[in-house]
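Below, each chain spelled out in residue letters.
Number of protein chains: 2
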Amino acid sequence: MGQIRLGIIGCGIAARELHWPALKTMGDTFRITAVCNHTEPKAQEFAELVGGIPYVLDYRDLIARDDIDAVSIMLPFELNCRVTEDALKTGKHVMVEKPLATDIETSEKMIALCEKYHPLVMMVAENFRYRPLYRRVKVLIDEGRIGNTYGIIWNFFTDVGTGANRKYVSTKWRFEEVYTGGFLIDGGVHITAVLRDLFGEITSVNALTASVNPEAGRFDTMNTQFTMKSGALCSLNQFYSARGVRFNSIHIFGDAGSMLVDNDASKITIMEREKPEYSETTDEERGYVGEYEDFHNAIRTGTPVVSSFHQAYADLKALLAALDSAKTGAVVRID
Amino acid sequence: MGQIRLGIIGCGIAARELHWPALKTMGDTFRITAVCNHTEPKAQEFAELVGGIPYVLDYRDLIARDDIDAVSIMLPFELNCRVTEDALKTGKHVMVEKPLATDIETSEKMIALCEKYHPLVMMVAENFRYRPLYRRVKVLIDEGRIGNTYGIIWNFFTDVGTGANRKYVSTKWRFEEVYTGGFLIDGGVHITAVLRDLFGEITSVNALTASVNPEAGRFDTMNTQFTMKSGALCSLNQFYSARGVRFNSIHIFGDAGSMLVDNDASKITIMEREKPEYSETTDEERGYVGEYEDFHNAIRTGTPVVSSFHQAYADLKALLAALDSAKTGAVVRID
Numbered sequence: 001m002g003q004i005r006l007g008i009i010g011c012g013i014a015a016r017e018l019h020w021p022a023l024k025t026m027g028d029t030f031r032i033t034a035v036c037n038h039t040e041p042k043a044q045e046f047a048e049l050v051g052g053i054p055y056v057l058d059y060r061d062l063i064a065r066d067d068i069d070a071v072s073i074m075l076p077f078e079l080n081c082r083v084t085e086d087a088l089k090t091g092k093h094v095m096v097e098k099p100l101a102t103d104i105e106t107s108e109k110m111i112a113l114c115e116k117y118h119p120l121v122m123m124v125a126e127n128f129r130y131r132p133l134y135r136r137v138k139v140l141i142d143e144g145r146i147g148n149t150y151g152i153i154w155n156f157f158t159d160v161g162t163g164a165n166r167k168y169v170s171t172k173w174r175f176e177e178v179y180t181g182g183f184l185i186d187g188g189v190h191i192t193a194v195l196r197d198l199f200g201e202i203t204s205v206n207a208l209t210a211s212v213n214p215e216a217g218r219f220d221t222m223n224t225q226f227t228m229k230s231g232a233l234c235s236l237n238q239f240y241s242a243r244g245v246r247f248n249s250i251h252i253f254g255d256a257g258s259m260l261v262d263n264d265a266s267k268i269t270i271m272e273r274e275k276p277e278y279s280e281t282t283d284e285e286r287g288y289v290g291e292y293e294d295f296h297n298a299i300r301t302g303t304p305v306v307s308s309f310h311q312a313y314a315d316l317k318a319l320l321a322a323l324d325s326a327k328t329g330a331v332v333r334i335d
Numbered sequence: 001m002g003q004i005r006l007g008i009i010g011c012g013i014a015a016r017e018l019h020w021p022a023l024k025t026m027g028d029t030f031r032i033t034a035v036c037n038h039t040e041p042k043a044q045e046f047a048e049l050v051g052g053i054p055y056v057l058d059y060r061d062l063i064a065r066d067d068i069d070a071v072s073i074m075l076p077f078e079l080n081c082r083v084t085e086d087a088l089k090t091g092k093h094v095m096v097e098k099p100l101a102t103d104i105e106t107s108e109k110m111i112a113l114c115e116k117y118h119p120l121v122m123m124v125a126e127n128f129r130y131r132p133l134y135r136r137v138k139v140l141i142d143e144g145r146i147g148n149t150y151g152i153i154w155n156f157f158t159d160v161g162t163g164a165n166r167k168y169v170s171t172k173w174r175f176e177e178v179y180t181g182g183f184l185i186d187g188g189v190h191i192t193a194v195l196r197d198l199f200g201e202i203t204s205v206n207a208l209t210a211s212v213n214p215e216a217g218r219f220d221t222m223n224t225q226f227t228m229k230s231g232a233l234c235s236l237n238q239f240y241s242a243r244g245v246r247f248n249s250i251h252i253f254g255d256a257g258s259m260l261v262d263n264d265a266s267k268i269t270i271m272e273r274e275k276p277e278y279s280e281t282t283d284e285e286r287g288y289v290g291e292y293e294d295f296h297n298a299i300r301t302g303t304p305v306v307s308s309f310h311q312a313y314a315d316l317k318a319l320l321a322a323l324d325s326a327k328t329g330a331v332v333r334i335d
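Top line first, the protein sequences correspond to chains A and B.
First residue of the first sequence: 1, per my numbering; consecutive thereafter.
First residue of the second sequence: 1, per my numbering; consecutive thereafter.
Keep in mind that the hints are not guaranteed to be accurate.
You can't tell identical chains apart in this list, so a pair holds if it fits in one copy or across any two.
As the list claims (entries may be wrong) - Simulated pairs of lysine-lysine, BS3-like, Cα-Cα distance not exceeding 30 Å:
#, residue 1, residue 2
1, 229, 327
2, 327, 42
3, 89, 317
4, 42, 89
Keep in mind that the hints were calculated from the coordinates and are not lab data.
Computed from a prediction, not measured in an experiment: that's the story for all the values here.
One chain only, chain A, in its complex shape (with noise of 0.2 Å):
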């Protein structure tokens, strides 16, 4: 169905090393013809990693450009907004990075974007909605395999201050007083996509927050109850300065049979009474292959995205609720 031509907003870390490694498998479907970002040696770095193309250092002089038929925005948050706008001003279709905000008015603005500029095309780069791993858990709770799920346990413990998460902790924007939910909102979003993909909308959220390393935002520690529609019980763990260890899991429990999902691993292993466990693993690919390709059918066929700014809303939401809830020390209702 012919490439798409691709300006890139932001040069970061985002484009370098998850979006860029997807894109560059995918000549058929698209091609980077020019890129922006604000500081010059990166502008051009990313311009030549890419094959040597046009770059500039202000978004109003991609988006104004004839060679571009859609933006994919990497920037800091607070600037998804603004350049969101602009962009489908100039009638480009625009993929932005998650989080769509981090509050609910700006969220609502983007949403506004939905009807206004239809139709041309608007996605969140949610690239867990589009992650093997999870296809498959899906495919084989809707098969049964493990009967009606029941609850959902998600352990994810990390240290951000060390390692190769080091580098995010490094990204000033991310401690900007704005940004109060920090990692929580960051990787949340991730963890509330899958959830509502697998196992349907989430009704209420109780949370408590711990702050254990004040270089990694002002909450880094948040135990979330969340109670599904479907009447599961889950439970979050989104522990980022987890001393000395790393460990992201997901326990889920069905009245049939139990399965245990290594995020890490793209490992899935079902266990049943008296039957030997079962296990699989799947791509290791993040999902971002099949969020470009989401992108383009959308641009060419009219079919909506998966990914939509409605989606990644109701991500946003749940994780909100769960920050508020751990202010008030309360439950909070989502509707």
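On the provided structure of chain A, position chain B as indicated by the hints.
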């Protein structure tokens, strides 16, 4: 300090499989002189097992005996209060199996006995208070090995409807209407005892319940959030109908390190930043020896018992608050 002559009231699983294996190694401190069960073959069988001693069918005949200094009561919990008081009336020291009771009113009646029958010794057989594994965890935490504890996650997944646990499910009294807490209380008081011993008082509770296997009581699944007075947050998962899974571990997070306690293997592992893991295994004994030692010391020297009625009451209160919270959908404060 001389043997204490002990009468056993209730010759079921607890007497046979939990208390007797400890008592038979403690001949210097206790000698079982008579046993009681209202089902004659059970009484007779246990009397033979412990050395061919006398047995009676009515507990009143046991507590009336002159050759008994103390009794160990292992009956369906709803008899605890009456039998305890009757034994105290005859001047016997009392150890009674947990839970103390399963409602606040009866617990308070039990607490009132402490003052009324002082200086007779009253204690609850909460073996986890004496288990070498948790004593060692306490030493390591008090030594500052993981710094200040800010988070605790206890995951206990098992399937009481199968395997070695099946015998507990087939115990009829556990499923009578009066015992609505079922395994959540029965197993849960062990856990709240350990949490309170290691991390201090619980100040608020929020819980979600599910019901998977009707054979395992009204509710067999609960996720509970505890807020500790220290400020630490705690998440407890008690899943008693977890298909194909047996898993019982405590993750303890401190600002200097993390600890993983494998309750089944009696193993402690400490993880720190950029250091090799440290691990050790403790004695597998489940604490029954320690509880009888404490009972013996209290009777002979008047020292207060560690596992007092007051402690057991507080252990229970946290779980009743959890069930209450699950019912009302709101956070419950504990005074």
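Hints, one by one, checked against the model:
1. 229 to 327: The answer is both: 24 Å in one copy and 17 Å across copies each meet 30 Å.
2. 327 to 42: neither (39 Å within a copy, 56 Å between copies)
3. 89 to 317: This pair counts as within: shortest intra-copy Cα distance 27 Å, inter-copy 61 Å.
4. 42 to 89: within (26 Å within a copy, 84 Å between copies)
The structure does not agree with numbered hint 2 stated previously, though it agrees with all others.
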